[in-house]
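Protein chains: 2
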Amino acid sequence: MKFCLSVAALSFGSVAAFAPSAFTHNTMKAPASSSSLNMALPEGVTPIIIGVAADSGCGKSTFMRRLTNIFGGDVVGPLGGGFGAPGGWETNTLVSDLTTVICLDDYHLNDRNGRKVTGLTALNPLENNFDLMYEQVKALKEGKTVSKPIYNHVNGTLDTPETIEPTPIIIFEGLHPMHDDRVRDLLDFTLYLDISPDVKLNWKIQRDMEERGHSLESIMASIEARKPDFDAYIDPQKKLSDMIIEVLPTNLDKEDKKTLRVRCIQKEGVPDFAPCYLFDSGSTIEWTPSPEKLSSPAPGIKLMSGPEEYFGSKCQVVEMDGNFDNLQELVYIESALSNTKTKFYGELTQAMLALADAPGSNNGTGLMQTLAAFAIRDLYEKKSAQAAKAKKESTTAAAAA
Amino acid sequence: MKFCLSVAALSFGSVAAFAPSAFTHNTMKAPASSSSLNMALPEGVTPIIIGVAADSGCGKSTFMRRLTNIFGGDVVGPLGGGFGAPGGWETNTLVSDLTTVICLDDYHLNDRNGRKVTGLTALNPLENNFDLMYEQVKALKEGKTVSKPIYNHVNGTLDTPETIEPTPIIIFEGLHPMHDDRVRDLLDFTLYLDISPDVKLNWKIQRDMEERGHSLESIMASIEARKPDFDAYIDPQKKLSDMIIEVLPTNLDKEDKKTLRVRCIQKEGVPDFAPCYLFDSGSTIEWTPSPEKLSSPAPGIKLMSGPEEYFGSKCQVVEMDGNFDNLQELVYIESALSNTKTKFYGELTQAMLALADAPGSNNGTGLMQTLAAFAIRDLYEKKSAQAAKAKKESTTAAAAA
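The listed protein sequences correspond, in order, to chains A and B.
Each residue of the first sequence is one higher than the one before, counting from 146 in the numbering used here.
Each residue of the second sequence is one higher than the one before, counting from 146 in the numbering used here.
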């Protein structure tokens, strides 16, 4: 389970490019036993809690960058270790002015040695402390501060807990955000990153073989070893999610193993969430954009939008197959999308351009992650407005009494 | 060649429902030897000439009704015969305030007995007087009156000619409007109604077997007999047309032999003609409309729009497969169409509703014919505006000299 190192390291290292102040924290001497990440929660606002489920190496780190980019503010974590300092791991938590991203690996019940004793993988629910997770998600949702454990991905140890104060948006990302009913019921919005086996293998080959020098055999063996627990405990959460981002091989050319087809499956009937669609609500539309307005490398580009059933639930799907040549031209696709939850026409393209160097910015993974980020921002703003209204009404009622 | 009887009869009989004054003409005693159809051509305007090519029984009559419906004005022809008076055939020409529809069968070189001598079909160019056709199209285009022959479909005779005065829009419809280069060069816009063999057989069965009691064998034999000349002389004109309306069996259900898929193939680069498209210019779009906004009987409804090549020419295609349940809901499809050449949103639906009883009003034949009619109106208006501008400039220049 080296994933969270990679999440934090990538998130931190890359976000740093856009938030220079993060470097200060990186070199800052953090307290030895705990770190306190203080972000004030506005009065009367309780946090909105988002669950993001995915296996390791599924692009969660990039998604977190897209989220924090859209929510704004400087990124002030993770402190210490990670990028360039493998021995100095101190937290998995990423914080910006509005957002706290908590990695659920911190709720592992045993350290790496402990799992050697039980013989179970970290994907097994028995290796995760759902009671504590529930208590802390509940406390944070109520605006309370918690003392959260830290799973040290470098050493595989459980380190001294850190203090987490609630911010307006709290993301719980990891293997099991929707596994436990009690936790799931507290989540305001849930997202599952569903990477098809073919794509996952390609990504792991690229990361672990090309970048880290692992052998193809060891990568295949690792995937194979994880598969039973993944299928049993992680995969079923997608049925329970409000939004599923599916990443599949392209349909445009059966020989092409690199180009991606990405589907954003949006459940109907989720409170405060109106699904995004192309051109016309309720229609099924397959769209090959005008090559004069959008250039794309072989095998081209094709989008789709329409109602579907997903494990018995009514959904609205937006799909993009293929890559952009020029990210600026995304504004043309943006013009065909409705319910993007942007505040002005062009904001979607602007958000993608701000992270143009991030993986997936030239394809549907970047687009769908950015759409998800805007949806989460919109949910937060609706919830804040409702809280402000409720507070005003109760103040008025109290004054009248 | 009983087609033109059917054209005129249907056109007259049905249009009468919307233009009560036409009944007056129907019962009016026309001069025995010739009829004069007087419609003044506005000063400075030369007629716009439209060629419409198609085999018999291909829906030309309905198309003419859609045209005259959109161009407005009372219909004042054909006089005499036709509907309910098979022996009284006197003209094939249909006239409204703006439009004259001339049937090219009137340029047959020989009467029915003459063709028995030559042993040629009326589809053979040798049986048609293209020299006279050219002279008269040219004269009409120059605003001159002509004395046009009449082919009597009932008797198969060539009757005493009738006087035709030019109206602002003149439609030449029949088997060979684009066959002769000289005639074709005079046409401002050309349209080909391309009915696929399967559909044509179905239509002939419906008309000739179910309505007229012919045997299936005789219908098949008649189609078979016409096929070589049709393929040699009629079909090649579609390559030369500005717009082709293709009528094909549905793709939605291979077992369904009645539902139609209709394609409007619009050439790029035709002067004063901007092709119609769905949602976005230059894109290829397949659209299954929201069933909540448009109800349709089995096998459903699907539209398509996009650029294509047609015999080496760049085209923009709009396609509709399937039927409407409720013609009122066409306004939803209209909302997705651009370059319809309507003057207000809803005019397309209104035009379809005005002829709701006409064949094809619940499917793509009606839709594409109506789109073609609006395109022709638009061409006429552009040409009139250009003529008015040119006249004003020459007046100004003359005054200045």
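These aren't lab readings, by the way, just hints derived from the structure by calculation.
Be careful, since some hints might not be right.
Treat identical chains as interchangeable: a pair holds within one or across any two.
What the hints assert, rightly or not - DSSO-like mimics (lysine-lysine), calculated; alpha carbons at most 30 angstroms apart, straight line:
#1 K402 x K261
#2 K447 x K412
#3 K438 x K384
#4 K459 x K438
#5 K527 x K438
#6 K345 x K534
#7 K399 x K447
#8 K438 x K534
#9 K261 x K534
Evaluation of the provided hints:
1. Proximity of K402 and K261 under a CA criterion of 30 angstroms is satisfied in neither setting, with 36 angstroms inside one chain copy and 67 angstroms between copies.
2. For the homomeric pair K447 and K412, the shortest alpha-carbon distances inside one copy (22 angstroms) and between copies (24 angstroms) are both at most 30 angstroms.
3. When the C-alpha separation of K438 and K384 is checked against a cutoff of 30 angstroms, the pair qualifies only between copies, where the shortest distance is 29 angstroms, while the shortest distance within a copy is 37 angstroms.
4. Taking identical chains as interchangeable, the C-alpha atoms of K459 and K438 lie at most 30 angstroms apart only when they sit on different chains, with a minimum of 17 angstroms there against 33 angstroms within one chain.
5. With identical chains, the CA atoms of K527 and K438 are at most 30 angstroms apart between copies only, with a shortest distance of 29 angstroms across copies and 35 angstroms within one.
6. In this assembly of identical chains, K345 and K534 lie within 30 angstroms of each other by CA distance neither inside one copy nor across copies; the values are 45 angstroms within and 66 angstroms between.
7. For the identical chains of this complex, K399 and K447 are neighbours both inside a copy (15 angstroms) and across copies (26 angstroms), given an alpha-carbon limit of 30 angstroms.
8. Within a single copy, K438 and K534 get their C-alpha atoms no closer than 44 angstroms, and across copies no closer than 35 angstroms, so neither meets the 30 angstroms cut-off.
9. Proximity of K261 to K534 under the C-alpha cut-off of 30 angstroms is found in neither arrangement, the shortest distances being 52 angstroms within a copy and 91 angstroms between copies.
Consistency note: the structure conflicts with the earlier hints numbered 1, 6, 8 and 9.
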